[in-house]
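Enquirer: Sequence:
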Amino acid sequence: QQPQSQPSSVVRPGTPVIKSIDSPSAMTISKTSGNQTSGQAVLRLLQFAEQLSPGEQATDRSFWDIFVQDFFIAGSTLKMVLLNTETNKRKSFEINQPLLARYFHTQYLCGISSIQMTLEKTAEYIFPGGIMNVECPRVSFLYKYENGILVASTGHLMVQFTMSSEGVWKIEHMEFSCQGYEEYINRASIKSEPISNSKKKAPLQHSVFPDTPINKWGLPPRVFSILQVSDIAERLGEVIFHSIVSELGPKESLGAIAFHKQQELSGDGEEDSKSQVYTMAPSPIVKTQTGVRPQTFTPSQHQAALRQQQIQATAAFQQFQQPPSHYQSAYPTNTTNNSNQFASTPTTSPLS
Numbered sequence: 156q157q158p159q160s161q162p163s164s165v166v167r168p169g170t171p172v173i174k175s176i177d178s179p180s181a182m183t184i185s186k187t188s189g190n191q192t193s194g195q196a197v198l199r200l201l202q203f204a205e206q207l208s209p210g211e212q213a214t215d216r217s218f219w220d221i222f223v224q225d226f227f228i229a230g231s232t233l234k235m236v237l238l239n240t241e242t243n244k245r246k247s248f249e250i251n252q253p254l255l256a257r258y259f260h261t262q263y264l265c266g267i268s269s270i271q272m273t274l275e276k277t278a279e280y281i282f283p284g285g286i287m288n289v290e291c292p293r294v295s296f297l298y299k300y301e302n303g304i305l306v307a308s309t310g311h312l313m314v315q316f317t318m319s320s321e322g323v324w325k326i327e328h329m330e331f332s333c334q335g336y337e338e339y340i341n342r343a344s345i346k347s348e349p350i351s352n353s354k355k356k357a358p359l360q361h362s363v364f365p366d367t368p369i370n371k372w373g374l375p376p377r378v379f380s381i382l383q384v385s386d387i388a389e390r391l392g393e394v395i396f397h398s399i400v401s402e403l404g405p406k407e408s409l410g411a412i413a414f415h416k417q418q419e420l421s422g423d424g425e426e427d428s429k430s431q432v433y434t435m436a437p438s439p440i441v442k443t444q445t446g447v448r449p450q451t452f453t454p455s456q457h458q459a460a461l462r463q464q465q466i467q468a469t470a471a472f473q474q475f476q477q478p479p480s481h482y483q484s485a486y487p488t489n490t491t492n493n494s495n496q497f498a499s500t501p502t503t504s505p506l507s
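In the working numbering, the protein residues as written are 156 to 507.
Think of the hints as simulated: they come from the structure by calculation, not from any bench. All figures in this text were calculated on a predicted structure; none of them were measured in a lab. Cβ coordinates follow ideal geometry from the N, Cα and C atoms, glycine included. One thing to keep in mind: the hints can contain errors.
As a list, the in silico DSS-like pairs of lysine-lysine whose alpha-carbon atoms are at most 25 Å apart [as the list claims (entries may be wrong)]:
hint, residue 1, residue 2
1, Lys-299, Lys-346
2, Lys-371, Lys-234
3, Lys-371, Lys-246
4, Lys-246, Lys-234
5, Lys-371, Lys-299
6, Lys-234, Lys-325
7, Lys-244, Lys-234
8, Lys-371, Lys-244
9, Lys-276, Lys-234
10, Lys-299, Lys-276
11, Lys-346, Lys-276
12, Lys-299, Lys-234
13, Lys-276, Lys-325
Now the in silico label distances, taken between C-beta atoms and shown as ranges [what the hints assert, rightly or not]:
hint, residue 1, residue 2, range
14, Lys-234, Ile-350, 47 to 55 Å
15, Glu-337, Gln-212, 26 to 34 Å
16, Gln-202, Pro-365, 32 to 40 Å
17, Gly-322, Lys-406, 22 to 30 Å
18, Ile-399, Gln-334, 37 to 45 Å
19, Gln-212, Ile-286, 28 to 36 Å
20, Val-363, Gly-410, 50 to 58 Å
21, Glu-205, Ile-399, 39 to 47 Å
22, Gln-383, Ala-278, 27 to 35 Å
23, Lys-244, Thr-273, 24 to 32 Å
24, Gln-334, Val-400, 35 to 43 Å
25, Gln-271, Glu-402, 47 to 55 Å
26, Ser-320, Glu-205, 23 to 31 Å
Could you build the full structure based on these sequences and the hints that come with them?
Expert: Right, dumping it as structure tokens:
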């Protein structure tokens with residue numbers, strides 16, 4: 156008989172349910188008739204949050220290498236959607252698994268003393284194939300700095316777990332969408348200094364606040380640079396992939412990708428824009444669409460079509476510039492000689 160209390164989560168009928176054995180790290184998947192979630196994905200996420208503040212080991216790079224190896228699979232990604240408080244614009248960055256250890260380690264090299272993650276109203280979802288998702292509509296990352304400043308970044312969190320070959324749940328994809336951040340200053344970190352040009356016996360004093368360690372995106376500049384490097388590396392990989400598939404040079408591939416992005420931003424729903432995209436160099440970007448499938452060309456066919464068009468254009472231009480040898484004036488001046496004009500003009504027969 157099923158117990159009465161059930162976690163507030165959504166489970167689809169017939170999906171695998173997680174059952175724990177002895178310890179949280181030893182887990183297996185079994186198809187049972189129950190419809191309850193075990194909460195192992197949420198527990199694993201809490202273990203992840205607990206390790207974000209390792210104390211004295213925070214500045215040790217080897218600790219974060221082991222941390223990433225324990226909680227992330229080889230092809231995992233971390234997506235950060237940041238908010239610019241000055242322009243109210245959003246920008247997304249994606250960090251691949253090789254850069255994760257450097258990302259976490261650099262945060263503590265920028266004056267952060269501890270990182271705390273708090274979850275509210277978490278929901279766990281079980282999917283076929285040994286995949287579990289944890290969604291949190293409101294999560295807060297509290298960054299405490301050594302100069303007494305506290306930065307609270309809140310937003311939406313989605314984490315996808317998968318069962319590794321060792322039988323441990325590991326993160327395959329983590330996405331944090333920031334909805335805003337607030338910066339707090341500890342009163343003890345505010346210093347009072349006397350005004351230098353004060354002529355009074357009791358000189359006036361003014362408060363000196365510590366410098367902010369974050370930029371307009373809510374991150375230390377050094378950490379933000381890692382996100383930018385990861386973004387450039389991703390774009391570079393896209394250019395290399397396009398160059399390999401289309402057999403074009405780096406410059407042509409970069410121009411094709413830039414044209415494609417420009418069409419997406421300006422609204423590529425118009426027929427003219429679509430025709431331009433199809434006539435350009437083939438792009439490896441996959442797009443889902445409905446209707447008649449456009450005709451695709453291989454790189455060799457595309458180059459041959461371009462050469463054929465150039466030959467036809469050159470021939471038409473030369474024919475326009477050079478009049479034929481049997482050209483006749485539109486306004487003849489001598490009607491007597493006009494009858495013998497074609498007979499006296501040499502022509503070249505195509506059969507000769």
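Enquirer: With reference to the structure, classify each hint as holding or not holding.
Expert: Verification of the supplied hints:
no.: 1; hint: Lys-299 <-> Lys-346; in the structure: holds, 19 Å
no.: 2; hint: Lys-371 <-> Lys-234; in the structure: holds, 19 Å
no.: 3; hint: Lys-371 <-> Lys-246; in the structure: holds, 12 Å
no.: 4; hint: Lys-246 <-> Lys-234; in the structure: holds, 11 Å
no.: 5; hint: Lys-371 <-> Lys-299; in the structure: holds, 17 Å
no.: 6; hint: Lys-234 <-> Lys-325; in the structure: holds, 16 Å
no.: 7; hint: Lys-244 <-> Lys-234; in the structure: holds, 17 Å
no.: 8; hint: Lys-371 <-> Lys-244; in the structure: holds, 11 Å
no.: 9; hint: Lys-276 <-> Lys-234; in the structure: holds, 21 Å
no.: 10; hint: Lys-299 <-> Lys-276; in the structure: holds, 24 Å
no.: 11; hint: Lys-346 <-> Lys-276; in the structure: violated, 40 Å
no.: 12; hint: Lys-299 <-> Lys-234; in the structure: holds, 22 Å
no.: 13; hint: Lys-276 <-> Lys-325; in the structure: holds, 21 Å
no.: 14; hint: Lys-234 <-> Ile-350: 47 to 55 Å; in the structure: holds, 49 Å
no.: 15; hint: Glu-337 <-> Gln-212: 26 to 34 Å; in the structure: holds, 28 Å
no.: 16; hint: Gln-202 <-> Pro-365: 32 to 40 Å; in the structure: holds, 33 Å
no.: 17; hint: Gly-322 <-> Lys-406: 22 to 30 Å; in the structure: violated, 49 Å
no.: 18; hint: Ile-399 <-> Gln-334: 37 to 45 Å; in the structure: holds, 39 Å
no.: 19; hint: Gln-212 <-> Ile-286: 28 to 36 Å; in the structure: holds, 31 Å
no.: 20; hint: Val-363 <-> Gly-410: 50 to 58 Å; in the structure: holds, 52 Å
no.: 21; hint: Glu-205 <-> Ile-399: 39 to 47 Å; in the structure: holds, 43 Å
no.: 22; hint: Gln-383 <-> Ala-278: 27 to 35 Å; in the structure: holds, 33 Å
no.: 23; hint: Lys-244 <-> Thr-273: 24 to 32 Å; in the structure: holds, 26 Å
no.: 24; hint: Gln-334 <-> Val-400: 35 to 43 Å; in the structure: holds, 38 Å
no.: 25; hint: Gln-271 <-> Glu-402: 47 to 55 Å; in the structure: holds, 51 Å
no.: 26; hint: Ser-320 <-> Glu-205: 23 to 31 Å; in the structure: holds, 24 Å
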